[in-house]
Structures are given as C-alpha cells and as structure tokens.
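Protein chains: 2
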Amino acid sequence: MTAPEVTVPEVNVPEVNVPEVNVPEVNMIDVIVGKRDGRALRTHEIEWFIDGYTRGAIPDEQAASLLMAVFLNGLDDAELTAWTDAMITSGDRLDLSVLDRPTTDKHSTGGVGDKISLPLCPLVAACGAAVPQLSGRGLGYFGGTLDKMESIPGWRANLGTTEILDQLREVGAIIAAAGDRLAPADRRLYALRDAIGTVESIPLIASSIMSKKIAEGTATLVLDVKVGSGAFMPDRDRARRLAETMVGIGARAGVRTVALLTRMDTPLGAAVGNALEVAEAVSVLGGGGPTDVVDLTVTLAREMCAAAGLDADPGAVLASGAALPVWERMVRAQGGDPTAPLPRAALIETMYAPQRGWVTRLDARPIGIGAWRLGAGRAHRQDPIVPAAGVVLHAKEGDWVEQGQPLLDIHLDDPARLPAAREFLERAYTFGPEPLPVPPLVIERIA
Amino acid sequence: MTAPEVTVPEVNVPEVNVPEVNVPEVNMIDVIVGKRDGRALRTHEIEWFIDGYTRGAIPDEQAASLLMAVFLNGLDDAELTAWTDAMITSGDRLDLSVLDRPTTDKHSTGGVGDKISLPLCPLVAACGAAVPQLSGRGLGYFGGTLDKMESIPGWRANLGTTEILDQLREVGAIIAAAGDRLAPADRRLYALRDAIGTVESIPLIASSIMSKKIAEGTATLVLDVKVGSGAFMPDRDRARRLAETMVGIGARAGVRTVALLTRMDTPLGAAVGNALEVAEAVSVLGGGGPTDVVDLTVTLAREMCAAAGLDADPGAVLASGAALPVWERMVRAQGGDPTAPLPRAALIETMYAPQRGWVTRLDARPIGIGAWRLGAGRAHRQDPIVPAAGVVLHAKEGDWVEQGQPLLDIHLDDPARLPAAREFLERAYTFGPEPLPVPPLVIERIA
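From first to last, the protein sequence lines are chains A and B.
Sequential numbering from 1 applies to the first sequence in the numbering used here.
Sequential numbering from 1 applies to the second sequence in the numbering used here.
It should be emphasised that the hints constitute simulated quantities derived from the structure, not laboratory data.
Since we're looking at a predicted model, the values are computed, not measured.
From the three backbone atoms N, C-alpha and C, an ideal C-beta is built for every residue, glycine too.
Mixed in with the good hints there might be a few duds.
Incomplete in silico selection of chain A near chain B, CB under 7 Å [said to hold, decoys possible]:
id, residue
1, ILE29
2, ILE32
3, VAL33
4, ARG36
5, ASP60
6, GLU61
7, GLN62
8, SER65
9, MET68
10, ALA69
11, LEU72
12, GLY74
13, ALA78
14, ILE196
Pulled out of the complex, with its shape left as it was, chain A reads as follows:
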C-alpha cells in the first residue's frame, strides 16, 4: 500500500505543520477477520465501516458478520470511543451552548411502569436546568416515553431543530423524537442488530445509547440502568458493566455521566400503560402519586442538578408545585392540551386476590407482558399502540390483602385480548404469611 501523492500548493498559508497524509485503504474482509480473530479495530477502520454502512456501500451480510464478531469478541475503550464518535459523526450534533442554562438529561434502559421522564424533565427544568430529552422509538415493542406522551390529545413528538432550541429556551425542557439526523448510523445498525440476534451486546447497546445522547448536545447525563426481571438486562453484573461502559464513553466524550443501577423486579408505581402512566405522572407533579415514583424522580433530579452544577433541592421544588406549570408549558409547546381528558379504556376488569396474605412478590415481567398483550405495546414494530390499555395496581410488594380484595384493574378496549393478558397477570403475585422487606430502589451509583 502506498500513500497517495500529495502536492502542497505553493501559496502563502499560515505556518502549520502539514499532517502526514496517510489514509490507509480499508477492506471489509480485513475488518471482519480482524475482529473475528480478536484484534482491536483501528479508528480509521471503524470510521470507514460506520460511514460505509450508513451510506449503503457495505452490504448487510458483511455488517452482520462484523456485528456478531463484535458481539462475541467485544470492543475495547478506544474502539468504543471511535465507534460512538463515528455514529455521532454520521449525523448532526446539536449545539446547546447557545442556551443560558446548564444542560442535563436522563436516559433509562426502561422497565415496567417507568414513566419517570414525564415528571422528571419539568422538575429539573423548574430547578434551573435545560433538559433536552430526545428519544428514539427504542426497542419499538414496548411503549416508550414518546408513546406515553402521544396519549396526550394533540401532542406531537417530531420537531425541527429550531423548535427544539426555542422550546428549551422558553420552557426549559423538551421530550421529543430524535430526528433522522441524530446518529442515523445507529438507526441502521439497530434495525440490523434486531434482525440478526445481536441486540444484547454491552458495547453495542452502550454506543447506541450514548451516540444519541451525546449528539443531542447535553453537557451532563444521568443514566438509570434497570436491573431485574422487568429490565432489558436482568443480571446485575451485566447491568453494572453496561453502566460502567456508558459512563466511560460519556467521560471520554466530555459529557459528565453518572449512572444509577435501580431495581426493576417489580413495577414502578401503580400505572402500567401509556395514558395511565401519564395520569400518574401528572399526579406526581401535583404533589401526589406513588412513593416509589416520587422517590426515584427526586433522586434522579438531584443527580441531574448536581451534574449540571445547580444548587437546587428538587424535593422542595416538587413539593412547591413549581414543576406542574412547566409540564403544562411543555405539553402546550408541542400542540398538546394538558387539560384535555386522556383516552379511557372501553372496559375495566378487576382481578381479585385469590387468598389473604402479604404480597411478598409482585413480578414486573408478567405485569409487563400482560400490559403488552392488552395493547400497551406492539406485536410488530409497525403496530399501533392502544393508548388507554394497561393495568393499575392496587396491591404492591409489602401490602397486606384479604381474599377477594382487588389486586389490579385491567384496562382494555378489545375483550378478545383479556384471556391472553390474564394468563400472565395472574402469575405476577406471590403471597406469604409474613411480609418481606422491600429493598431500596437504588442499588448502586457509578460515576
């Protein structure tokens, strides 16, 4: 291989060292074989691959082979940084330095009943930060933050860059769709990974999440990495590795990043389902709502404020009611009516306790699958969500119930969906003669 001949034109240029031009030729087979055989890929190879795949110059089968090799042989820190950078460079990176407030955002790996973004974003804005929460549709099957927000009549997720900046300036918080220009490489790679069985890879998940968060322009970031039966990553050690990997990527990219590992064995709050969760979020903003949702919201808000360098007390701000008008402005700015009634289910069925006893376990997983089967999630990526469908829990872990007492309400539009959902919901509760201690929500903090 020889370097292309470079002629430096003889004109008056400022005195800088002309870097040695050496763009090595890259061959996809060499890249695949290198990773297959455990070699660390070089930055220019990663850049070449991400760019080529995004442009459609590298065929799916070659990318698939490389992704499986990455899945099995991993990426080291330098590779991860290059991979994430290349995904950011595939699109635009928002410049939020024009704002007069410090920026901070939160990302959650998702869990059953996780509506925390909804009260959190306006709360942190009320504390003085700008919160630019741009979300992808993510895994696509379960209702994500955008799906929850879309149950608000009139609300729209898709905004242009100017609208995003205006809203951040005027309202201080936004929840919106990450547009096509935010890490487009991730979109292509994610769709491929989903089709070829390489989703659950720590470096690929970490670079996917972090490329979008870094591209959205936030200066600081708090990650809520869920652990347990209702989490994408049930195992604590793997969740910790994911958290550490993302914190490392953030640090190397100059985005101050903190991660909390939080418990996702049992649903968060009482509401599971899109419109039901919006209602719960509004009650939290109004000073009510389930204790666990309030606690996690305030805990994450404290981390975000600390990361952003704000001397605020989110617990006091929430109690003061100051976050609710920010929420209403957020909703209105995106065409939504915060006073309009939310969609309601055509049918509400109650499930009763089959025996008396203490609820010793309320498993997030069957509740999540049950709600998903009611229509709160999608069977296929293109399916619509049923906004009103879901579950409201009346008994949670640590509660005492009498036989025949309501355990949960099932909200649904189509009665045909009931049996398949009940099959799972009925398995969610375990009862015992003694109460078990309810462990704290936050397992570990990684910074």
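Assemble chain B onto chain A, guided by the hints.
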C-alpha cells in the same frame, strides 16, 4: 405448540410404530442467539436453516450472523453430522451401488503444484476401483483440478449423471465438475462465507468438503490434508483437527474415510501452473516424473485401494504403464485429445541462482503467489485462467546449485505480469553451506 393432527388411515399396513409427529416451529433469531450463546443447535433447526437459506427464504444477513457465531463457537459432532446431512439433502446423492467395482475417491485441501489427482485417478482405476472424482471450483482463485484438466484441448468438465455413470462403468475413473445438484446448499453457503470472512472455520470447511464427497456417492475416501506455508491451513494442529473432523463426519455417514497430513512447505514436483502440471502428470503416468509426485501418488493410491478392499500394488501397476491408457480413455471420454499439444506460453524467462550453495528452503508460498500473478490463478472469481502460465522448478530443496545456474523457468503470455511475479519468485529460495535433511512428505495418518 401443538402437533398437527395425524389420522392413520384404516388400511392393512405392516405393523410399525407410527412415530410421534412433532415438527417444532423454528425461528431464525432463536437459532442465531442459541449458537451465539454457545448452545448446540438441534437437528431440526439445522435442517430448517440449510433448507431455508438454500431456497432463499432466509436473508443473507441472518445467515451471515449465524455463520460468524458458528465460526467462533463451533459445531459439535451431532451438529456437524446434521449440518453435513442437510447440505447433502439440499441436492441429489449419486447412487454408485450399480457399479460392479468398489468405489473410492481422494480429496486434497490443495497446495502449490498439487496435481496428484491427475495420475492418481487413472492409477487407482487401473488397480480395479471406480474413482468418481467430482470437484467444485473450490476457492476459485487458484487453479484447481478442473482448471488443470481444462488446459487439455477439447476437454469438458460438465457432465450429466448418466454420462458420469457410463464413464465410471466403462473407464473406471472420472474427474468432472460437481453439478448444480450436488450439495447446492454448499455453493450458496460458500459464496456467503467468502464474502463475510468466515472461510477458515474447521467445522464449516469439513462439512463443505464432506457434503460434496458423500453426495458424489463414493463408498470410501482418502483425504490429503496439506500442512505448511503453501497450504490453505498452514498450522499442523489445525490441519489435524480438520482431518479428524472430516474422518469423523465420514465415519458417521458410513463412508470409510482415512486422512493423511502431508507436507506443503515446498511445491510438489517441478511444475506449477495448469498445462505445465498436466504435462508433469502425464510423465508420471508414463513412468517418469518427479520422485515426490510419484511417491505421493503411490502412497495415496495404496490408501484408496486398501479402503476399497482391493489387493493391488499401485507401485507395480504404475511401473507397468497400465494407468496411462486409463488416463487417455478418461480424457477422450470427456471430449479431450490426449495426444494434442498442450497450450504453450508465449514467453519463457529463466531465473538464475544469485549464489552457489545448497537449496535449504524452497518456500511454496512465494512460488504459489508468483504463479498466480503470472495468470495460473484468478484475481477475481470470474477471471479466466491463463492455461500455459506458471513456473517450472529446476532446483528443489536438497539440491546443490552453482551461481548463475537456472533455478526456474517462468512461463507467461503477458510480459507486463513479469515484475509482480518475480517479486515473489525471487524470495522463494534460501541457500546454505550445508544441505538440510528433506523431511518425509507424509506427516501423519488419521483414521
């Protein structure tokens, strides 16, 4: 999942147990994830994949992901058997039981100057066996057995099943192209593996070779697994594992299989290049030719005769000249003229010894690359071969040379190819003050 309802018709059938019908549904993601996570795939999953991919029902990117997972996590014996069986079942399996002679064949993993099949097939036929050597175009870049034979004017590689059977009956030996119906799954999988960096996988190579050899219908098989710088698999341990894997597949398929690991550090014989190798093969059949080629031909012939249960002495048969007329009948039966002059190069350049001394090393690899650059091999799969191009060695390992003595002749049509070829050819020889012992060709026998 429920089994389809089976109605056993009420007619008089011989008393057999009706097997429980249970065809489980297979999902490609489950298959990929299973292999990715180190699970042994089930036979029905492998059958489903090979069939689906051959029919075009499974997209390349999913197959690519699975193949990389197989590359990195391997296949156990049961998986290998299922994989090979499924590739055989993707096409037709020849039935050679109609022949009145025992069948035996040889397969070589290929090396520089390896023209052994050409004298071997007629020799073993002259010993009383039927030799059904159906070859793929193989790796496609270097001249294979079919390319060598095609330098004979008029000779054609493609025959129908009836022609193959007729020739085996009448001549006793055939070298022909494995048709489209012989393990077509292998053709598709091989092309994909070539594009996605998963060629060098022992289970995938083994099942690829063995599926074609088992499908061609031979009852016994001798494998020549090359080891060394000029071999596809330079490392002895890996070559041994490949040999053991293939012997195991053969045994489980009822094809008695023996493997020899043979040395491929230095070219076999003096001729490297298609027409040049045919000429050398003919001289071996006529009682001459280089010792190493004669020795390996006779050694492999002995193994094939023993495997076929023939009490013959191939050394004596070769010396008697009885194999040459079989060769001539083989060539004629496929339209070739064994008396016609072979293609000759437009140009012959000689390379001379730069010093006097003993040839302590003649490296197969630069000789192979040099010949390939002269046109004996292809740069791209579709490129034509230059039949007359190649190299004839005048000095081999263990020979004494004086300075200025001819080392080799370079045969070529296009003088523009000379510099790039010489660059490698000049590196092939090492000289020393003392001769080094030349190690035996056969390293190990695996049965």
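Taking the hints in turn, this is what the structure says about them:
1. ILE29: At 5 Å from the nearest chain B Cβ, ILE29(A) passes the 7 Å test, so the hint holds.
2. ILE32: holds (3 Å)
3. VAL33: Check passed: Cβ of VAL33(A) comes within 5 Å of chain B, closer than 7 Å.
4. ARG36: holds (6 Å)
5. ASP60: holds (4 Å)
6. GLU61: holds (4 Å)
7. GLN62: Result: holds, 6 Å to nearest chain B Cβ.
8. SER65: holds (4 Å)
9. MET68: Status holds, d = 4 Å.
10. ALA69: holds (5 Å)
11. LEU72: holds (5 Å)
12. GLY74: violated (12 Å)
13. ALA78: violated (22 Å)
14. ILE196: holds (4 Å)
Violated hints, listed in ascending order, are 12, 13; each of the other numbered hints is respected by the structure.
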